[in-house]
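Sequences are here, hints too, so could you generate the full structure?
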Amino acid sequence: MINKFVASPQDAISGIADGSTLFVGGFGHVGVPYCLIDALIESGATDLTVVANNAGVGETGLGAMFKEGRIRRIVCSYPRSTGSVWFERRFEAGEVELEVVPQGTLTERIRAGGAGIGGFYTTTAVGTELAHGKETRVFEGRVHLLEEALRADAALIAADQGDRWGNLTYSATARNYGPTMAAAAALTVVEVRREAPLGDLDPETVVTPGIFVDRVVVTGGPEATVQS
Amino acid sequence: MRYTRQQIAARIADDIEDGSYVNLGIGIPTLVANHLSADKEVVFHSENGMLGFGAQTEGGDANPDVINASKDPVATIPGSCFMSHADSFALIRGRHLSLAILGAYQVSARGDLANWVTNSDAVPGVGGAMDLAAGARAVWVAMRHVTENGDPKLVESCTYPITATGVVTRVYTDLAVFDVDQESGAFVVVDRIDGLSVSDLQDVTDAPVVAR
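Line order of the protein sequences matches chains A and B.
For the first sequence, counting from 1, position 162 maps to 162 in this note's numbering; every step adds exactly one.
For the second sequence, counting from 1, position 62 maps to 290 in this note's numbering; every step adds exactly one.
Honestly, the hints are just simulated from the structure, not real lab data.
Treat the hints with care, as some may be off.
Claimed, not checked - Here are a few chain B residues that face chain A, going by a calculated C-beta distance under 10 Å:
hint: 1; residue: Asp293
hint: 2; residue: Pro352
hint: 3; residue: Gly353
hint: 4; residue: Gly356
hint: 5; residue: Asp359
hint: 6; residue: Ala361
hint: 7; residue: Val374
hint: 8; residue: Asn377
hint: 9; residue: Pro380
hint: 10; residue: Pro389
None of the values given here were measured: they were computed from a predicted structure.
All residues carry an ideal CB built from backbone N, CA and C; glycine is no exception.
Encoded structure:
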């Protein structure tokens with residue numbers, strides 16, 4: 001019998017060690033696994049490397065992790081959002097290391113990590129500051145950069161519905177990094193709004209196949225909040 | 229006299245071909261969706277995984293998970309679809325977008341784009357700018373002609389860190405519309421504010437400006 005449901009967010013994140021590298025889903029406020037992040041903060045895990053699109057806003061989600069000083073390094077496409085005060089405070093104090101990665105390159109590096117691909121070539125960022133030190137090669141007359149795959153010790157993601165096999169559906173643009181990160185971590189932990197009995201999800205609507213998922217916790221929310 | 233932000237957006241909307249797939253950046257480009265004539269079908273893309281959305285709405289969709297790249301609520305329309313970030317950037321990187329319309333700090337006469345970071349930014353952040361600039365089949369820029377200090381933003385070569393080289397083909401400013409002649413390194417005037425001469429435009433541009 002396969003049952004990936006766990007009873008609480010605390011159970012879901014258990015075993016995530018200090019010094020781990022984590023994928024954290026979300027774009028702005030949408031698709032952020034807030035309950036899992038809260039449980040992780042409660043667990044005391046620290047010295048973490050986080051790979052995420054943004055660096056948190058206010059004092060929730062990654063903002064709370066920065067406030068509590070749990071993140072040592074962030075690999076991120078756009079950390080500079082209005083209200084990302086705690087990231088900025090830690091960064092300006094030299095307490096956080098930042099690697100800026102173009103958004104599409106970030107997601108493709110993660111995709112490669114989950115798909116068993118060591119790296120890939122892209123024209124994105126050619127000739128820019130972000131190309132420094134990277135191997136180049138010309139394909140069809142255009143210069144490409146070599147970008148390496150990214151994997152993580154754990155992925156924390158949010159989905160809409162999940163069943164006990166770990167099959168997942170998402171809500172609109174809250175899908176964002178979820179399906180990609182789920183495939184590229186040693187431990188994939190998901191918070192879902194609703195539990196689906198096995199067999200209730202139409203196979204055509206399953207976005208993340210359960211094979212990529214290790215633990216699912218039903219949180220009943222939180223519903224996305226609209227960023228003003 | 230100057231074109232307003234809405235006038236620039238309306239002009240761009242007129243110039244977009246029917247049937248195009250278009251990504252709109254933050255700033256003036258976002259306004260373009262409001263000005264599209266009803267007889268055209270243009271599908272707008274948002275990097276966070278949405279293809280096909282309506283003009284900016286007050287409250288957006290009933291579903292708060294429907295947001296655009298600026299993280300503002302938008303509405304689904306008949307034909308909308310959602311996708312993961314991986315698919316969203318595959319369609320960008322894979323040259324499926326007809327056009328990206330972006331804001332900029334500077335554009336060079338060789339078509340170089342600088343729009344991701346200024347030299348004084350304490351915290352760098354790139355988002356999807358480099359992916360869009362390198363991946364879209366055409367890149368148009370909408371921006372003010374000069375900075376708030378009066379410095380030219382159309383330049384011989386960018387002094388801000390670049391986003392991509394040789395990608396911008398057209399620039400819409402509050403004073404004029406230009407094609408970028410990347411080969412000869414000049415801004416070619418397509419249209420301009422009434423009463424403004426090519427030499428007036430040259431005075432506020434740090435690269436050759438030529439009449440069409």
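Quick rundown of the hints versus the structure:
no., hint, result
1, Asp293, "holds (4 Å)"
2, Pro352, "holds (5 Å)"
3, Gly353, "holds (4 Å)"
4, Gly356, "holds (4 Å)"
5, Asp359, "holds (3 Å)"
6, Ala361, "holds (8 Å)"
7, Val374, "violated (24 Å)"
8, Asn377, "violated (22 Å)"
9, Pro380, "violated (22 Å)"
10, Pro389, "holds (5 Å)"
The structure fails to meet hints 7, 8 and 9 from the earlier list, while all remaining hints are met.
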